[in-house]
Amino acid sequence: MQYKGVTIHYHLMLLPGMIILFIYNLLPISGNIMAFQDYIPAKGISGSEWIGFENFTYMFELESSRRVFFNTIFIASMKIIMNIIVPVTFALLLNEVIFMKIKRSIQTIVYLPHFLSWVVLAGVLIDMLSGNGLINKVISFFTGETMFFLASNTWFPVVIVLSDVWKEFGFNAIIILAALTAINPALYEAADIDGASRLRKIWHITLPGIAPTIVLLSTLSIGQILNAGFDQIFNLYNPLVYESGDIIDTYVYRTGLINAQFGLATAVGMMKAVIGFVLIILSYRLAYRYANYRIF
Amino acid sequence: MDLVGKKASISMNVKGKKLNITDMIILTILLVISILCLLPVIHIFALSFSSSSAASAGIVTVFPIDFTFAPYTQIIDDPYFFNSFFVSVKRVLLGGIVNFVLTVMMAFALSNEKSEFRSRNLYMWIIVFAFMFNGGLIPTYMVVQSTGLIDTLWALVLPTAVPIFNVIILMNFFRGLPRALKDAAIVDGSGPWRMLIQIYIPLALPAIATVTLFSIVMHWNSFFDGLIYMNKTENMPLQTYIQQLVIRPDEITSANKDEIMQKASSRTFNAAKIVVTMLPILVIYPFLQKYFVKGITLGSVKE
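Protein chains in written order, with our numbering: chain A, 1 to 296; chain B, 1 to 303.
Hints in this document: simulated from the structure, not taken from any laboratory. Only a predicted model underlies this, so the values are computations on that prediction, with no experimental measurement involved. There could be a bad hint or two in this list.
Chain A is faced by these chain B residues, among others (derived, beta-carbon under 10 Å) [what the hints assert, rightly or not]:
1. Leu30
2. Ile35
3. Leu36
4. Val60
5. Val98
6. Asn134
7. Pro139
8. Tyr141
9. Ala161
10. Ser222
11. Ile247
12. Asn270
13. Tyr285
Just so you know, even glycine gets a beta-carbon here, dropped at the ideal spot from N, CA and C.
Isolated chain B (complex conformation) (with noise of 0.2 Å):
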């Protein structure tokens, strides 16, 4: 509230605009609004650096209470912690480089008119089918289960690894990019390839930027492949077990339950656990953020 108020002002002074009380009271609605999506973030991050007779007390809201390290140094004696770690790590690596090679060509080939491309329409209506329709959870799961991929990093790479929205969205975006360009390129002899590479991808950068952040967010958030296609704990991603361990203890199917259960959560490891799982995401957030709101408009609004 005060910080708005001295802001405001400032900008006051400046701008020689004028506040009246209608202005406050939506800035206060507003910024009431933004710490309301910032609680629950601070809470568990608070939550995590308390002590745990503070948390059980029910006592911590946005600041620890007897700031402590003990649930992160809890979280370096399980080993399943970091292994699911570096299984989503690698999850993310693989996918998102696969989602993006896969992303660029089609989109790149599927922006070309009908008149250069006539294929393309085919195509097209084969992509859109697959977006509104797909087999359903248990026929996908037996495709995956015959093509051998249960319990290998694939299983959660290959299924996903065309991500359609994420090629419209481009393809909207090439599309939209200066037709002179091509045939300046044409001209002078370049390939469809080296135009890719050369011309389209540097052009394309914001709406590329926000594509891969959509596919790695899509990659590091995902738990319920990691859930049905994993069998055994040392495979399973990170959201899988997070789910498993912190949401729903009670329903671990995996062969090592009793091992798992030993490490027995209290409210500030399980805190601590969550925290470390979010963190990737609010740090790449801030970076691609700016890029994001452009891409979307660019992509998806045609006129």
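Isolated chain A, as found in the complex (with noise of 0.2 Å):
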């Protein structure tokens, strides 16, 4: 049914969002042209020197950066790879609990790390692995020795990853819940009258009932390469683990608003901008061809 002389309310109930996203996040895609000068904050984009790709030459030829594209790719490849094994395993635990209070609780307490900020997270884990932390009383009441996660370059990105891994698989769970309600239960019952057992129900019924949502949650994935977990390593990072923990964004805030070197952060910036926006449309591109996913 068609009514006439609306579409002016629904112009209007868009009107003030569109601004604010024009102003705030369209406009500022433009000031990316800031990678291709000499950017200096007195003189402004206009009376700036232009010196062409001499930001992404030089950013390439830096030791750092190459480091801070490594790392970036490394940890949030690990994050990935975890955060698909652990919830769907998680999953598939809870799926075989048969008494429904006992896993409505279990589900509400591994949610809610989800909802705890990384500020207030890493103060409680900087404290937690700290040399006097609950983690190191433990560690040397075995071993009698004392670690230092979080100025140690070999175990950060394992703290890095373990403990995204330990804020999200509940709710990274959700959607693999949701998948596994979907599947048919005359599939168990027909299993069960032909004698299989756990895990082969697991391994012939419900993997394959949750495979199209796995492979979904992979592709979309890809989009998310660039993006290892700008909070987390901000509050937990320090001068020590700059090697093994920098990420590009990390970085960008460094060189850009504390060093002012406005030109070379926004090329890097620009750079993973670019990257990130290719993987995306890829990743939904491969989404929709395999998964018939589209956002809207």
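Reconstruct the complex from the two isolated chains, following the hints.
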């Protein structure tokens, strides 16, 4: 059914949001031309000197920026892999629980860390991982040694990946659990009659049943490979672990806003945005082709 | 362990279901996982109620040692803490309302079919583009600066005023509502605003509760915009304050640095500040928790 003269109201409903999106989201994209300038804040974009691709060539020559790109991809890939394996395993285990009350209580508890900020969690983690903290008390009880997790380039990425998985696995399991409930129960009944064991039912019914969801989540995560988690690393790292923990976003923050190398920092940020944009488009195309997924 | 065993045996008697050794192992693993999720929260609570000598000896685990309120009374003497707490409260209220109004209006307009609202797809493409692509840290900072928002509450509200992910979730939810409702409302002479307020909003309450929870949590939890857009300590929201004083006290850039550093932080004092910071989330979470699973699965999964 159609009614006349109402589209003006729809435009009105969208207007304030579109103005804000334009100013704070789309307009800054044009600011990326700073990447091609020797930007000097006092002179502004119109007054600064154009230097072509100099910032980009300088970026590729810098040892630190290569390390930063490597760290970003390394940490993000580890997180992506673990953030699929752990929630799937957890959902499969939870699915085996037949008591609804226990199931729901466990779910409520494991979602909780997702809603706490990295500032708060970093405060807790720094305390727990310190030389005098809870975790070192346990370790020194068994081995007699003290580990400095947040000051060691070997342990820092491990702490980053594990703490991220710890925070998000419950929340990531929601979509897997939703896929599990969509599996036809008749399949399990048939398998019971055929005398299938628990593991066989998981292997032949449950896993194929959630496979499309796993494929979809993996495909969509390709687009996130340059997002290694700014809030988390920014709050947990220190100069001792720049070598293993510095990622693009933290690097842009330090070179740009702290050291005022606006041109270089914008070039690094732009590089990230362009690669990220291509990857997102790619991942959404793959998701559409293989899992028939659309965002709208 | 005992608790689960007890509950399980009760259910076992009622339903006549049989618990074998595999079930017990699975339950035990899940119980350990749940405890691991709560442990850091419990530990920081225990620390915040312990005496500072017990804390520095490192003997506090999950129960407070030498129970005391001293760290909390110490907070009362810290005017910056309370000040930033209220900045955060103001930010959540203002930002939450702005997010809510814009999300609902935009989701409703976009939930129309293309045949009814011809420009819909154009808007949709702009929104999806903005969702995937942004200007990056430094250009965004410059726009916020040039629109004069630095050191105002609006710097924390306006750049995040349109939560695009939430708009898409709610739009998908609206599109799932029966078409006949809309037709009936049109026949009864309802305009789009009335339809939104009297039909769509009440019917979409689980989805709206979900996106509102997301936006409130986002506003309460973000620290970075407070860090870069606020130069004065009295304008900083709580998470930024915690970040500056508890996590990186060596990097305070504020003008009144010396004054702040005089309030030297102890481990229990910091723990108490962290507890107060997470308390609002812990309080609202159980109430909204039941909605969000339903909201997110209905809104984001499409057939």
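To see whether the hints hold, each was checked on the structure:
For leucine 30 of chain B, the shortest C-beta to C-beta distance to chain A is roughly 5 Å, which falls under 10 Å, so the interface hint holds. For isoleucine 35 of chain B, the interface hint holds, since its Cβ comes within 10 Å of a Cβ in chain A; the closest pair sits about 9 Å apart. Annotation: interface hint on leucine 36 of chain B holds; nearest CB of chain A at approximately 7 Å, less than 10 Å. Below 10 Å, beta-carbon pairs count as interface contacts, and valine 60 of chain B has one with chain A at about 8 Å; its hint therefore holds.
Residue-level restraint check for valine 98 of chain B holds (minimum Cβ-Cβ distance to chain A is 9 Å; threshold 10 Å). About 6 Å separates the beta-carbon of asparagine 134 of chain B from the nearest beta-carbon of chain A, less than 10 Å, and the hint is met. With 10 Å as the threshold, the beta carbon of proline 139 of chain B comes within range of chain A, its nearest partner Cβ sitting at about 3 Å, so the hint holds. Of the supplied interface hints, the one on tyrosine 141 of chain B holds, with its beta-carbon coming within about 7 Å of a beta-carbon of chain A, less than 10 Å.
Contact between alanine 161 of chain B and chain A, as hinted, is supported at the beta carbon level, the nearest pair being about 5 Å apart and thus within 10 Å. Proximity of serine 222 of chain B to chain A holds as hinted, the smallest CB-CB distance being about 7 Å (cut-off 10 Å). The closest approach between the C-beta of isoleucine 247 of chain B and any C-beta of chain A is roughly 5 Å, which is under the 10 Å cut-off, so the hint is satisfied. This hint holds: asparagine 270 of chain B has a C-beta 7 Å from the nearest C-beta of chain A, less than the 10 Å allowed.
Evaluation of the tyrosine 285 of chain B hint against chain A yields a held restraint, the C-beta minimum of about 6 Å falling below 10 Å.
Of the numbered hints listed earlier, not one is contradicted by the structure.
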